[in-house]
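2 protein chains.
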Amino acid sequence: MKLPEAIKNLADELSELPSIGPRQAMRLAFYLVGRGEQNIRGLAKSVDDLRQIKTCERCFFVHQNKDGLCDICRNPARKQSIIVIVEKETDLISLENTGKFTGRYLILGEIPKTGLMNDWQKLRLQNLKSFIEKELPGKKAEEIVLAFNPTSLGDFHASLITKELEPFSKKISRLGRGLPTGGEIEFADDETLGSALEKRG
Amino acid sequence: MKLPEAIKNLADELSELPSIGPRQAMRLAFYLVGRGEQNIRGLAKSVDDLRQIKTCERCFFVHQNKDGLCDICRNPARKQSIIVIVEKETDLISLENTGKFTGRYLILGEIPKTGLMNDWQKLRLQNLKSFIEKELPGKKAEEIVLAFNPTSLGDFHASLITKELEPFSKKISRLGRGLPTGGEIEFADDETLGSALEKRG
Chain A
1 MKLPEAIKNL ADELSELPSI GPRQAMRLAF YLVGRGEQNI RGLAKSVDDL RQIKTCERCF
61 FVHQNKDGLC DICRNPARKQ SIIVIVEKET DLISLENTGK FTGRYLILGE IPKTGLMNDW
121 QKLRLQNLKS FIEKELPGKK AEEIVLAFNP TSLGDFHASL ITKELEPFSK KISRLGRGLP
181 TGGEIEFADD ETLGSALEKR G
Chain B
1001 MKLPEAIKNL ADELSELPSI GPRQAMRLAF YLVGRGEQNI RGLAKSVDDL RQIKTCERCF
1061 FVHQNKDGLC DICRNPARKQ SIIVIVEKET DLISLENTGK FTGRYLILGE IPKTGLMNDW
1121 QKLRLQNLKS FIEKELPGKK AEEIVLAFNP TSLGDFHASL ITKELEPFSK KISRLGRGLP
1181 TGGEIEFADD ETLGSALEKR G
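Taken in sequence, the protein lines are chains A and B. Numbered according to our numbering, the first sequence spans residues 1 to 201. Numbered according to our numbering, the second sequence spans residues 1001 to 1201.
Hints are computed from structural coordinates only; laboratory data are not their basis. Predicted model only: the values in this text are computed from it and were never measured. None of the hints are false.
To give an idea of the chain A side of the interface with chain B (calculated C-beta under 10 Å), a few residues: (1) S19; (2) L50; (3) H63; (4) D71.
All C-beta atoms in this analysis are idealised placements derived from N, C-alpha and C, irrespective of residue type, glycine included.
Using the sequences and the accompanying hints, generate a full structural model.
Below, the structure is given as structure tokens:
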């Protein structure tokens, strides 16, 4: 059936967003209409305000600062020589929320399913290498942590990037593997339990 | 950790939408930032354009027409005396897409889990009664179809509304129950199979 343009356009745009299907997009559009003019205007403004968001020229995380660096990269208390490479901004947030890391990050973007990096991802890695060569003593980082998901794709990607970054860091590591806190041994899969045995201590 | 206001605000607003959790809301906000200024502006405009959407004064479906009626209610080829009551706009769309109905609709809104209608839902039902009394010959509709989901809540609601609307319609019906097309008898639940037997023909 023919729907009003405004509904159709928004549903189309929403359905292009990750993990929102055409059906949910349509439901959201109708829901928003039902919330009334004030709320619609508010959401439109919040979306538009995203244009104020800048990307850190060092780690590519978001910020709204006047210069080009995010809150983490501009913080003199953070060690610039220990770098965690993550795929997504939300991974960075999860790691920051542990309160246990005082180095900096590089957001590499999600690894394509092909296992090969996009051009802009290669540029981000190049950006990191240049930073290490120009800014760090001995032209080497203390440590680079590859915080990719513990999946076969993550493992494959980590092995490629390890090779590429070896000349630029004294140490390259990954996040520890083992039993998740609160988990039960009985229900742990073989891989996890194997890692837990290997990394016991 | 402290996130830029614009990200935080949008993620908060998105997470208030149905079926979007705080984690997905945050991912969506970052995704939008990554799509760049042009796309952000486009989505903001599409959301804002929803303000042009009006609600049909007869059936409460959406429209962008100059007067108060939607495309279905203004269409002289649609019988005004056969009325399908649906919960959601998306239910109406699904029914319209069958191309098998030539009457009109009433959108009643989702039935609250308590089984009791909200005040605005009671008003919509009242609106339908007034329409029938003023506009239809004999002050009765030919048929009212209660197109609620075939669930216990839907059944309960249908029985309440049937009582309420009985004086206003010659016939009150519900959508047929039985095996869904493409389904397998072996995997049909008892209720469905029972209905299929009862309604065989």
